[in-house]
Amino acid sequence: MNIIDLSCADQTVVVDAEMSVANLQQELEEHSLILGVLHDPTSSMSLSDLFMHSRHNMWQGSYGYLRDQVLAGNWRLANGKIIDTGAKVVKSVAGYDLTRLLIGSGLRFAKCNTLTLRLRPLRRELYYYRITLANYLTYSHYELQPMSAIADGPQHIILASHFKLRKDYLEVVELEVGERTTLDLLRKFNDAPGLTAMCSRPDSPPHPDFDWNSWHYPSSAINDFALPHFEQLCLTLCPNGERFTSE
Amino acid sequence: MKWLPQLSKIVGKEHLLTSAADLLAYESDALSLFRCEPAAVVLPNNQQQVVDCVKVLSAANVCFTARGAGTGLSAGALVPKGGVIIGLNRLNKIIEVDAASRLVVVEPGVVNARISQHVAKHGLRYAPDPASQSVCTIGGNVAENAGGPMCFRHGSTTNHVRQVKVVLADGSVETWGHPAHGNDGIDLRGLFCGSEGSLAIALEVHLNLTPLPEAVSTSLVAFASVENACDCVSAIVKEGIEAAALEVMDQQAIQAVEDSLYRSGMPRDAGAILIVEIEGDSDYVNSQQILAEDCFSRTGALSIKMANTSAQRALLWKGRKNAGGALGQLAPDSYVMDGVVPPSKLSEIMRFVDEVAERYELPCANLFHAGDGNIHPHFAYDGSDESQSKDVEDAGCEILQKCLNLGGSITGEHGVGLEKQHLLAAQYGAEEIDIMLRISNGFNPQQLLNPNRGLPLGGGCAEAFHRHSRDVSR
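First to last, the protein sequences are chains A and B. Each step along the first sequence adds one to the number in the working numbering, with nothing skipped, and position 182 is 192. Each step along the second sequence adds one to the number in the working numbering, with nothing skipped, and position 102 is 104.
No lab work stands behind these hints: they were computed from the structure. Not one of these hints is a red herring.
Incomplete in silico selection of chain B near chain A, CB under 10 Å: (1) Ala148; (2) Gly157; (3) Ser158; (4) Thr160; (5) Gly192; (6) Ser197; (7) Glu198; (8) Leu201; (9) Val239; (10) Glu241; (11) Lys347; (12) His371; (13) Leu426; (14) Ile437; (15) Leu457; (16) Pro458.
Okay, the calculated beta carbon distance ranges per label pair: (17) B:Glu176 with A:Arg86: 26 to 32 Å; (18) B:Glu176 with A:Asn89: 26 to 32 Å; (19) B:Val175 with A:Glu28: 37 to 43 Å; (20) B:Glu98 with A:Glu28: 41 to 47 Å; (21) B:Asp296 with A:Asn89: 51 to 57 Å; (22) B:Gln50 with A:Cys18: 48 to 54 Å; (23) A:Ile13 with B:Gly444: 34 to 40 Å.
We put the beta carbon where it would ideally sit given N, CA and C, even for glycine.
Full structure from sequences and hints, please.
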């Protein structure tokens, strides 16, 4: 459960999928690198759990979706066959993108043995914000236009990745790599009625009130959705109908 | 062929092309090594017409392929003999801009660069920027998962597609992805991106928009050799500088640009140039530029030219982005390759490219996305010379095999198409290929939609590297 191959020059790492995210980030930090995924440093969640079950990356605004971090994988299908997907380079369009198909699919198709991940330079100047917006009952980022109106221009929008629905308001937990525009935004929030904002210093951990658990979807949620072609894909990957059961 | 009048009825006879003169432009994409004349080209004007055309062709058991501007470089948008091209250029509406959500909804025929022009007033842009962005269309970008210089920082097309509305081979319409975050658990959207039009045809695409940066720094750095330029790229990456673009051009490419209409003042005496672009807020750009300049001097930069105005920056990029066109002057035909290696192997692969070009006695120029390790050797040749055409293909195979040996990929952004169909088995094992074929057959059971495109037709690796075919009609 560790790093199999770290290439600092290429900013890629091959890891055992059962390695914990926190341990990986800790080891990468020694090389001034980071996986572009925000994660609770005290959690023991494995990379496999993160990439197979989670849907949201709180650093999405800076580094993209969870899927964007995974370049390649070695997988065991439910029928026992082993496959390799992707390539150990940041760009490859050879064949269908089976890596993206498998990441986020729970355990319905395959278990990952190893993952090849894209890394980024570690930035020390991280700012963490917690912002509470009153009276917004929508739960969708897509629908959260009032926030950007307050922000007065698209440069000032922080890509929200986590919302918590309270009884009478929507709490927005935001996070962004330190850019001056976000400081401007923070000032605007501080001046706006009904809004409060807190900011920790650079190089410090997230605000003590930061709720790590609430942004992570429970793995059971992945079983609830229905998609066209879902069963067809199951049969394509495991023709005899084999299934992994939840661990 | 009773389907022809049916298509005519859907789109109007003026938008159904059947004459040899009209079809000529559709017999190849920008990779002219492969040609096949379609039986007809149909040019629908709206999404419903596309769906209706697909239903007619599907019912008639006629194969068909969607096509945008035809700028593809892997022979991906060709159709076998007797088949029909569905041209999507007339579906060119920007349907919606939601600046607050950084979202734009477009039809597949919208030209890439038009999106950034359209949303600039909101302080936004569409980040993926293939060299052909002034003409290539979003439908093709999605089908090929197109890249470009800025993809080093911002990612390829798939990173920017949130949702797609598609028509399947049987005419049914589905929506994959999510307009807010692109994620829906099982990522059919991601499977579709880069599937080369073999799973479905895009009708509508929801794209991410990216804020225009507050500040941009663009440097053109001259080096004595490509190897020095590659060393500089390694130094920049090692320093932790998150450049937006790291582009290298060798001397042959510089000369071609400076001899063309696209001349941009590149140093003719340099062995190679490196274009470094850094973007962000002013403080960040200034701090990173200082670090970058240290890298330049440590790796033997001969000169550094900064683009101090937006006009100078535009001129510099004009030279880089039109270099492919400029290289077209060197010979009647040009073969643009697309391979990827880990960036730390760039020097090694470039030495190998030189060696191969010398051995085959083929003029070769290089311009590449160095940050991504994505190389684009350009071979100049005469397509009417069968022997030279074969040499070009052989040289290409050797280089791509070397990319694989160095831990890379046979394509970073051009796609497999017909060009590399025979090479896919060298990158993946039989099990992975089998899954891809089964997925293809699941979505496209009769193989009517861009049949077998981007997937191997069979044959092992050894056999694969000895295939030379320009005839795709069968």
